[in-house]
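Asks: Respectively, the protein sequence lines represent chains A and B. Following the numbering used here, the numbering of the first sequence begins with 267 at its first residue and continues without gaps. Following the numbering used here, the numbering of the second sequence begins with 267 at its first residue and continues without gaps.
If you're looking for bench data, these hints aren't it; they were derived computationally from the structure. Ideal Cβ positions, reconstructed from N, Cα and C, are used throughout, including at glycine. Each hint should be verified, as a subset may be incorrect.
Chain A stretches covered by chain B per the calculated footprint, using a threshold of three residues with CB under 8 Å from any CB of chain B [stated by the list, open to error]:
{"hint": "1", "stretch": "321 to 329"}
{"hint": "2", "stretch": "380 to 393"}
{"hint": "3", "stretch": "635 to 649"}
Among the chain A residues that face chain B by a calculated CB cut under 10 Å, a handful are [stated by the list, open to error]:
{"hint": "4", "residue": "269"}
{"hint": "5", "residue": "294"}
{"hint": "6", "residue": "332"}
{"hint": "7", "residue": "333"}
{"hint": "8", "residue": "335"}
{"hint": "9", "residue": "338"}
{"hint": "10", "residue": "355"}
{"hint": "11", "residue": "358"}
{"hint": "12", "residue": "375"}
{"hint": "13", "residue": "467"}
{"hint": "14", "residue": "564"}
{"hint": "15", "residue": "589"}
{"hint": "16", "residue": "612"}
{"hint": "17", "residue": "615"}
There are 2 protein chains.
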Amino acid sequence: MQQHELVRELTEKNQTKIVLLVADGLGGLPMQSGGRTELETASTPNLDRLAALGTSGSSIPVLPGITPGSGPGHLGLFGYDPLEFKIGRGALEATGIGFELGPDDIAIRGNFCTLDSSGLIVDRRAGRIPSEESCRVVERLQGVRIEGVETFVKPVKEHRFVVVFRGKGLSGAVADTDPQAIGVAPLEAVALTPAAQHTAAVTQSFVRQARAILADEQKANGLVLRGFAAKPQLPSYQDLYGLRAAAIAVYPMYKGLARLVGMTLVGNAHTLDEQIDTLAHCWNDYDFFFLHFKYTDSTGEDGDFPGKVKRIEELDRALPRIEKLGPDVLIVTGDHSTPSRLKNHSWHPVPTLLFSSTCRPDGLNKFSERECLRGGLGIFQAKHLMLLAMAHALRFGKYGA
Amino acid sequence: MQQHELVRELTEKNQTKIVLLVADGLGGLPMQSGGRTELETASTPNLDRLAALGTSGSSIPVLPGITPGSGPGHLGLFGYDPLEFKIGRGALEATGIGFELGPDDIAIRGNFCTLDSSGLIVDRRAGRIPSEESCRVVERLQGVRIEGVETFVKPVKEHRFVVVFRGKGLSGAVADTDPQAIGVAPLEAVALTPAAQHTAAVTQSFVRQARAILADEQKANGLVLRGFAAKPQLPSYQDLYGLRAAAIAVYPMYKGLARLVGMTLVGNAHTLDEQIDTLAHCWNDYDFFFLHFKYTDSTGEDGDFPGKVKRIEELDRALPRIEKLGPDVLIVTGDHSTPSRLKNHSWHPVPTLLFSSTCRPDGLNKFSERECLRGGLGIFQAKHLMLLAMAHALRFGKYGA
Chain A
267 MQQHELVREL TEKNQTKIVL LVADGLGGLP MQSGGRTELE TASTPNLDRL
317 AALGTSGSSI PVLPGITPGS GPGHLGLFGY DPLEFKIGRG ALEATGIGFE
367 LGPDDIAIRG NFCTLDSSGL IVDRRAGRIP SEESCRVVER LQGVRIEGVE
417 TFVKPVKEHR FVVVFRGKGL SGAVADTDPQ AIGVAPLEAV ALTPAAQHTA
467 AVTQSFVRQA RAILADEQKA NGLVLRGFAA KPQLPSYQDL YGLRAAAIAV
517 YPMYKGLARL VGMTLVGNAH TLDEQIDTLA HCWNDYDFFF LHFKYTDSTG
567 EDGDFPGKVK RIEELDRALP RIEKLGPDVL IVTGDHSTPS RLKNHSWHPV
617 PTLLFSSTCR PDGLNKFSER ECLRGGLGIF QAKHLMLLAM AHALRFGKYG
667 A
Chain B
267 MQQHELVREL TEKNQTKIVL LVADGLGGLP MQSGGRTELE TASTPNLDRL
317 AALGTSGSSI PVLPGITPGS GPGHLGLFGY DPLEFKIGRG ALEATGIGFE
367 LGPDDIAIRG NFCTLDSSGL IVDRRAGRIP SEESCRVVER LQGVRIEGVE
417 TFVKPVKEHR FVVVFRGKGL SGAVADTDPQ AIGVAPLEAV ALTPAAQHTA
467 AVTQSFVRQA RAILADEQKA NGLVLRGFAA KPQLPSYQDL YGLRAAAIAV
517 YPMYKGLARL VGMTLVGNAH TLDEQIDTLA HCWNDYDFFF LHFKYTDSTG
567 EDGDFPGKVK RIEELDRALP RIEKLGPDVL IVTGDHSTPS RLKNHSWHPV
617 PTLLFSSTCR PDGLNKFSER ECLRGGLGIF QAKHLMLLAM AHALRFGKYG
667 A
């Protein structure tokens, strides 16, 4: 990636601190034509004050019209072109639960499902069995043995788990066994390339043994697998930007994403307040801080417009505590939009705010989707945001003589 | 093209309808410094109303500063990078008159010209002979015979015609025989690559026989050829976007362009009203509708500022009939600007409006070049417009997990 060559060439070190506050799914839509978005509805005195002092813009996560998942959405914000760097679902899931993938690993996302007496799927999520029950069932699968391959099975949440095969010559080019339908049997594991035939056979052996072990389970008597993936090759934050980077996230997915780019997971916060406690606590140990706030996305996905408004206001109230630490660059953005109206991630540009003593004010005095269109950062690609962060932190030298 | 891989990966089918209304050469310029453009002068209550409900932007057809012909202008709007996908003039002309090019064809644009007794060109357009006379002359050329090559000669309009050579091993790499000057003889057909020597010889044979046949013509006693081209390889709308696409155009050029990307030519309209009749008539049979309105370009090319204003107002009046059909996404744009002041295509960004229940309003309340600069689509590349159309029609899945 040309951008990374440039970053490596220009990066300089200094004592500045950068905070990237990601409000997941921040951007929204009005519920009715002519109305206001969630952000435009929320009372956000702190964001508005920072917008007046800082510079704003609209971030396009991937390309115009393209709706990203959390993986590509965050990779863009972290400065990795999400069309070039791809993370397989299995790798993302494994990393998210704190499983550190090695070079010989293939990670797979598993779902427990309920099979009828003919082996056909009657419930693709095994009745969403509670996590505790899932842990018990996963424990039983530790008994699987495959010649020449080390097998890890780890619970994630409810019916979801992760399988990792570790061994020489494994490949991620295996088709999902999840038919994504009920009334049919799970699919065979099929190699998508000749080199993946060994992995497909390993998978078949795993599934056969697992089925035998789970046969007496009421709900979780079957399993489907998808997203076979090796660990993605991503240059680290230290390597690229020379930044000691800390990630302060609550949910496994975002911890996993941060770990993949070499950030250190810090603290064990469960609320935004605790996240900021952690931030304050580790302030002297790192140069870059990724704070992830999940609830602007989850309320949006629930279609809960007033709930999202409240979460935005909660985020706004947290800002003074972050400002008090004196970051040299403070960025507030999202990895994508999640309009309550669509109950889903969307392609709409994400309102973004950059506050720094080195930024050029753009005359705005409110932080909103509409205002950001007129901001000094313009409508920009998310993958360029880290260039702006580094620049405003005076961590880039001049390009060319 | 990476964009096409992405489109293929993400495309989903649903029942939504997309209308792309292309007002050819829509963008303009003020006639005097400090004045208004044609669009800013026109009374456009419907476009202004849609601008208030929708989201606007400025489309860059190719790159900043690059003025496109109709081919690249439309390819961009259709989602094909006009710097990557190229249509030779001959191929465009042939397709435009309804000639369906095959894989073994080379198409060439021909002009009848008038030669003096020494064989020098005295009129490059043979006095712009009427189309009927041109048809008669073209008919005489059906007598040309070339060993191993099937030859088609078809009239276009006035002095213009198309030649198609069909045979194995033909190539488009032959230089124009049109010297684009008077007082000189037509050029020899010269191969630009070794592989094109056969085609150059075929062309020489064609020209020799044609000259003999036309020797007794008063005006059209000579001919020049240009734009030797094979059919371009463009993935179809069906293949790329999963869209059943209809083209409702009046002029051959735009029909041809639409056909090259696999759109079905529908109806035989001659006026905008008839085009909308056709649209209503075939509404249930297609998912995507390309409507082409020529007169914003032709008035611009004539330098007829008031005429272009009137044509824009005619377009505006037609909008409610289109809206009444209930398109899920309605886009109004142009393939390029054609300012009356320049009497020509230009590079200036094209005002663009997207109206959909899923769009994010941007606070504009007028549709004009000036306002579009502040719109939610920003200043964008034309090749991304189809991504936005598909996204707003909810025809794209999520990119990545």
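Asks: Each hint should be assessed against the structure and marked as holding or not.
Replies: Results of checking the hints against the structure:
1. Under a criterion of three residues with beta carbons nearer than 8 Å to beta carbons of chain B, the stated coverage of the stretch 321 to 329 of chain A is upheld, 3 such residues being counted.
2. Under a criterion of three residues with beta carbons nearer than 8 Å to beta carbons of chain B, the stated coverage of the stretch 380 to 393 of chain A fails, only 0 such residues being counted.
3. Counting residues of the stretch 635 to 649 of chain A whose beta-carbon sits less than 8 Å from any beta-carbon of chain B gives 6, enough to reach three: the coverage restraint holds.
4. For residue 269 (chain A), the interface hint is violated, the least distance from its beta-carbon to any beta-carbon of chain B being 16 Å, above 10 Å.
5. For residue 294 (chain A), the suggested interface contact is upheld, since its CB lies about 8 Å from the closest CB of chain B, less than 10 Å.
6. At a threshold of 10 Å, the smallest CB-CB gap from residue 332 (chain A) to chain B is about 5 Å, leaving the interface hint in force.
7. Because the smallest distance between the Cβ of residue 333 (chain A) and any Cβ of chain B comes to about 5 Å, under 10 Å, the interface hint for this residue holds.
8. Interface restraint check: residue 335 (chain A) against chain B, minimum CB-CB distance 4 Å, threshold 10 Å, status holds.
9. With 10 Å as the threshold, the beta carbon of residue 338 (chain A) comes within range of chain B, its nearest partner Cβ sitting at about 4 Å, so the hint holds.
10. A hinted interface residue such as residue 355 (chain A) counts as satisfied when its beta carbon comes closer than 10 Å to some beta carbon of chain B; here the least separation is about 4 Å, so the hint holds.
11. Proximity of residue 358 (chain A) to chain B holds as hinted, the smallest CB-CB distance being about 6 Å (cut-off 10 Å).
12. Interface hint at residue 375 (chain A): satisfied, since its Cβ lies 9 Å from the closest Cβ of chain B, which is below the 10 Å cut-off.
13. Interface restraint check: residue 467 (chain A) against chain B, minimum CB-CB distance 26 Å, threshold 10 Å, status violated.
14. Hint status for residue 564 (chain A) relative to chain B: violated, with the closest Cβ pair at about 16 Å, above 10 Å.
15. Interface hint status for residue 589 (chain A): violated, as the beta-carbon distance to the closest one in chain B is roughly 29 Å, over 10 Å.
16. With a cut of 10 Å, the hint placing residue 612 (chain A) at the interface with chain B holds, because the nearest CB-to-CB distance is about 8 Å.
17. Proximity of residue 615 (chain A) to chain B holds as hinted, the smallest CB-CB distance being about 8 Å (cut-off 10 Å).
Of the numbered hints stated above, those contradicted by the structure are hints 2, 4, 13, 14 and 15, listed in ascending order.
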